[in-house]
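Asks: Model the full assembly from the supplied sequences, consistent with the hints where possible.
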Amino acid sequence: MEKLAKSLLFFILTASYFFAVADASTETLKADTPVYCEPSMLHESSHEDSLRSKNISERAEQNNSTGRKLKIAIIGCIAIGHITPTIDMTRALKSKGHDVVYYAPIYTQNLIESTGAKFIPYPEQKLAKVTPLDKKEIRVNETGLLLIAAFGGYTDYIMPWFLENFEKEQFDAVIYTSFAIWGNAVASYFKIPYLCLGTSVLPAEDNAWNETHFYDEGKEQQLEFTNRLHNKYNTTAVNLIEMFSCSYAKKVLMVSSQKFLEAASDHRFSEPEKYFFLSSISSQTSKNFISKLKENSIIYLSLGTTFNQRPDIFESIMTYFNQTKYELIVSAGMNEKLYQALTSKNYSSNIKINLYTNQVRLLKDVAIFITHAGLNSIKEAISFTIPTVTIPQGADQFWISKAIKDLKIGASVEDYEGSLDDKFKAAFQEIEQNFETYKENLKNVQKNYFDGPSFDESIMDLENYLLDITDKQ
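In our numbering, the protein residues as written are 58 to 530.
Where hints are given, some of them may not hold.
What follows is a list of derived Cβ distance ranges for each label pair [to be verified]: (1) E221 - Q490: 56 to 64 Å; (2) N491 - H287: 49 to 57 Å; (3) N284 - S406: 53 to 61 Å; (4) D463 - G154: 41 to 49 Å.
Calculated lysine-lysine pairs in the DSBU-like style (CA-CA distance at most 30 Å, straight line) [stated by the list, open to error]: (5) K153 - K289; (6) K402 - K126; (7) K349 - K289; (8) K331 - K153; (9) K402 - K351.
These aren't lab readings, by the way, just hints derived from the structure by calculation.
A virtual CB, placed ideally from N, CA and C, is assigned to each residue, including glycine.
Replies: This is the structure in structure tokens:
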């Protein structure tokens, strides 16, 4: 629980940077930006698959017979890792003839417009007004108060803009990512049916949060904030954890399989019927061409776009690979300052630093993935059967990292308050020496943990639900 508490604090400390990246990013992502891959595409077709396809076709015809099309708002969070899980869903809803409008940071414009959806950027002047959190020493029980300062403050700033915009657009339904709590506020205010999309592993039904002392200090401020949201916008969440985990919502979209999420969070979904599990996403092939580890194999290092303000971690790993023949590709996660710092210290011909990397396009040629254990990246690694070395730093990453180790599909580096060097070396060499075993374990995890409904089936169920709830309005 101490690790969980520390991860929450680290999450809060980087919240101001979380918004600043979106505000400072002038370069928009290209249309072929990372999207999820479909693990089930690796499996051989069977009679069961044929029956499933027939069932999908019949249900599609039934949906099309209604002829009703919806105007749907999708509200994204600020970090790209919370947006990429929605891209194929957005494309699928648009392809079915629905009018989809997507709200997100300006740097995601090309990516989102590639789906056919209408893109509306968050107003940059609003992003710039988020008050920085510059405290260096924070006690565990201050976490709730700081969450209010970061996300609560942003919600207050952006809501007038959203209210004005929604008044003009007249939406039938709203889908918003869990950390975009302003999505819940605006949907509740206009009494629009909504779904919350979970892009992280937060055990809302677990008692783990109580043991972090999340509510020890700032209880009154948290209650005041949630009550104020309720009074102003008719929201239903009673505390911040409910907001971030979507536990208050009648229906929740999760961007992974039920089995894997339960393994990662070490808890069970007591109401599985409340969730859509989008376990298989994208029509892209997820075949990885690496069966054996070679001395010049590609190793990929990315710590995401939010928890990547530790140049010392990158530098330690770069120093290690400077002594090998592996080709190390490093992504700075759109962090210009980090990119410049790493580039200035890179003198190795076998190490390449990128400001941003098209992850999915690269993964087909990657042998080992060094990652922060974000849900997005881990799902892609499993899709491509790539062993991982996880270096968790915040939020839900410690849970996911533990699951990776327990499932024996990767090694983990934790408790690296001192030097990272020896611990990273041990973790990487564990993968090196047992590479083929880890690859085989990944295939088993694909089969056993991502064997749920296909992406088409999930989208069909989602569309049926949206049509149903809007019909009752």
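Asks: None of the hints should be skipped; say for each whether it holds.
Replies: Now the hints, each set against the structure:
1. The hinted range of 56 to 64 Å is satisfied by E221 and Q490, whose Cβ atoms lie roughly 59 Å apart.
2. Checked against the hint of 49 to 57 Å, the C-beta distance between N491 and H287 comes to roughly 52 Å, which is consistent with it.
3. Hint check: N284 to S406, Cβ distance near 59 Å, so the stated range 53 to 61 Å holds.
4. The beta-carbon spacing between D463 and G154, approximately 43 Å, falls within the hinted interval of 41 to 49 Å.
5. Note on K153 and K289: the hinted pairing is violated, with a Cα-Cα distance of about 35 Å set against a maximum of 30 Å.
6. For a cut-off of 30 Å, the pair hint linking K402 to K126 is broken: about 54 Å separates their Cα positions.
7. With a CA separation close to 58 Å, the supplied pair K349 and K289 exceeds the 30 Å bound.
8. Taken as a hint, the K331 and K153 pair is honoured in the structure, with Cα atoms around 24 Å apart against an allowance of 30 Å.
9. Of the pairs offered as hints, the one joining K402 and K351 holds, with about 26 Å between alpha carbons and a cut-off of 30 Å not exceeded.
Violated hints for the displayed structure, listed by number in ascending order: 5, 6 and 7.
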